[in-house]
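Going down the list, the sequences are from chains B and D.
The first sequence begins at 1 in the numbering used here and counts up one residue at a time.
The second sequence begins at 1 in the numbering used here and counts up one residue at a time.
You may find that some hints are simply not true.
Which copy? The list can't say, so a pair holds if one copy fits it or any two copies do.
Pairs of lysine-lysine, DSSO-like flavour, derived with a Cα cap of 27 Å [said to hold, decoys possible]:
hint, residue 1, residue 2
1, K89, K15
2, K160, K15
3, K95, K62
4, K282, K19
5, K6, K92
6, K92, K221
7, K6, K19
8, K126, K62
9, K94, K210
10, K282, K3
11, K126, K60
12, K126, K6
13, K95, K219
14, K85, K95
15, K63, K126
16, K160, K259
If you are wondering where the hints come from, they were derived from the structure by calculation, not from laboratory data.
Please read these numbers as outputs of a predicted model, since none were measured by experiment.
One-letter residues, chain by chain:
Number of protein chains: 2
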Amino acid sequence: MSKSIKLCDISDYEKFIDKFDTFLLDCDGVLWKGGDTLPGKKLLFVTNNSARSRADYVEKFKKLNIEAHEDEIFSSSYASAYYLKNVLKFPKEKKIYIIGESGIADELASEGIRHCGLSDNDQQFKPEDIVPDPEVGAVLCGIDFHINFKKLAKALYYLKTNSDCIFLLTNDDATFPASGFIAPGAGAISAPLITALNKKPDAIMGKPNKPMMDCIAQKFKLNLERTCMIGDRLETDIQFGNNNGVTTLLVLTGIAAEKDILVDNAPIIPDYYMSSFGDFAKLC
Amino acid sequence: MSKSIKLCDISDYEKFIDKFDTFLLDCDGVLWKGGDTLPGKKLLFVTNNSARSRADYVEKFKKLNIEAHEDEIFSSSYASAYYLKNVLKFPKEKKIYIIGESGIADELASEGIRHCGLSDNDQQFKPEDIVPDPEVGAVLCGIDFHINFKKLAKALYYLKTNSDCIFLLTNDDATFPASGFIAPGAGAISAPLITALNKKPDAIMGKPNKPMMDCIAQKFKLNLERTCMIGDRLETDIQFGNNNGVTTLLVLTGIAAEKDILVDNAPIIPDYYMSSFGDFAKLC
């Protein structure tokens, strides 16, 4: 197995950056106040968090003094909407049943895709609510802080009874780090449906899965050979690049440590690694 | 593979019944107005439904004109309480976090086991609610019509942070038949925790699993060689007997049909089968 190359000084940074036109950046690991740091390079922020829309991210970034345009953000909520519209050509007369937060609804609406499900938030389950709705052509499941039995039962019912009803996940992270604890992620929230159906989803967006990269490449007409994925998590960010023919750079400001990639038989190793995104600022 | 024996006439019934002292009966498949039909034989009703307590079942049976005593009912809610008290010797100073319905709480209380969790029903998730509670020594998960993100996040937190916190399921049915649709079962409701923990539960009660039979045998001091499990579902009832050294009788009044057990390579076959429980009434 080939070894990771460590980027140590300005000369390394310059040679590295010259190799690429586009950098895909993990959102949560962003400590680098980017934007205009690398003239002539395209920066795209890629996040598995489906709870927010791209517009929400622009606002969040503003508070962190990061200037970003909606078109520079690729969230799993938007990726799902993009995939439904441009890859699956989801029929206009059909609608999506959402298990998830408003970020998904906003992005579906922005692509002109009809949806339902959010009105079932915080509702008690009543068997008489489980009734046919042949217009539901897909169930899209992401992180959902309002998950309940009614939503699970309705989603299961549509998937079992509507012919060709598609089952999509925004992402399949089993957990995510909340403030002070580890919370169930979209992969956990969708597990009841996978168990009850005894089948895998038809597609899973989100890092490290292929549909996310395909959508990014298609939308931005990227040359993946001149694209680099930068992030702090091996299982999502680095695997995302490794799985999809994109060079990877691990930054050690997050969960992964140098020893994780230097041990014998490390399961996931990046092409490059460095201490911190912030070091690129030395170039300016 | 040995073949199933079909019970066809009164002579068959008599010879069959003579072989056993105790009959374990699936509750939901009960069409046989039992009780005093088979003098000298012990009848026990065994159900995977954890939503009800044994007392609830006595009431339900009364409405069906079936006389049954609480001690003749073995629900997965009671089995869980029995297992915690008598097998695990669950410490008195600890308590159980319940994901499930009141039947579980009632049965834990009847065995003197402290519990919490039901007050989180229909509550919105707030990150600040996820706080340590070192008294939680186990999470017990069953069917829960009030499942929500708060309950999942709390259960996950206790299982990850409380050392030796035990993870139990009342049963692992992926689905159950509701009126007019297939609903997510306890196996689906527990799937987020299994996914987020990336590990199996420490024990699963309920048919067809061994702990349920062990508890029944221990409580009633049964000779399992003189015990027969009667039910209408191959995967739960018949597998329950087959897995645990108990003779099985399939009745064809439910989901399973004769062809399911007569085909070559049928995965689960009962020792005996007959058209209907009701045929035993011909003996009286």
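message = Treating 27 Å as the Cα threshold, decide for K85 and K95: within, between, both or neither.
response = Within one copy, since 12 Å is at most 27 Å while 50 Å is not.
message = If the cut is 27 Å between Cα atoms, do K160 and K15 qualify within a copy, between copies, both or neither?
response = Intra 54 Å, inter 44 Å, cutoff 27 Å: neither.
ask   = Is the C-alpha distance from K126 to K62 at most 27 Å within one copy, between copies, in both cases, or in neither?
value = Between copies, since 25 Å is at most 27 Å while 43 Å is not.
Homomeric proximity label, K126 with K6: Cα distance no greater than 27 Å = The answer is neither: 58 Å in one copy and 41 Å across copies each exceed 27 Å.
ask   = From the Cα coordinates, with 27 Å as the cut-off, is the pair K95 and K62 best called within, between, both, or neither?
value = neither (33 Å within a copy, 46 Å between copies)
ask   = How would you label the pair K95, K219 (within, between, both, or neither) given a Cα cut-off of 27 Å?
value = For K95 and K219, only the intra-copy Cα distance (23 Å) is at most 27 Å; the inter-copy one is 53 Å.
query = For the identical chains here, do K6 and K92 meet the 27 Å Cα criterion within one copy, between copies, both, or neither?
reply = neither (49 Å within a copy, 55 Å between copies)
request  = Classify it for me, K89 with K15: is the Cα-Cα distance of at most 27 Å met within a copy, between copies, both or neither?
outcome  = neither (41 Å within a copy, 65 Å between copies)
ask   = When no copy is specified for K94 and K210, does a C-alpha distance of 27 Å or less occur within a copy, between copies, both, or neither?
value = within (25 Å within a copy, 46 Å between copies)
inquiry  = For K126 and K60, with the copy left unspecified, which applies at a CA distance of at most 27 Å: within, between, both, or neither?
reply    = between (38 Å within a copy, 20 Å between copies)
ask   = When no copy is specified for K160 and K259, does a C-alpha distance of 27 Å or less occur within a copy, between copies, both, or neither?
value = Close across copies (25 Å), not inside one copy (46 Å); limit 27 Å.
inquiry  = At most 27 Å between CA atoms: does that hold for K63 and K126 within a copy, between copies, both, or neither?
reply    = Between. Shortest inter-copy distance 22 Å satisfies the 27 Å Cα cut-off; intra-copy 42 Å does not.
Checked against the numbered hints given earlier, the structure breaks hints 1, 2, 3, 5, 12 and satisfies all the rest.
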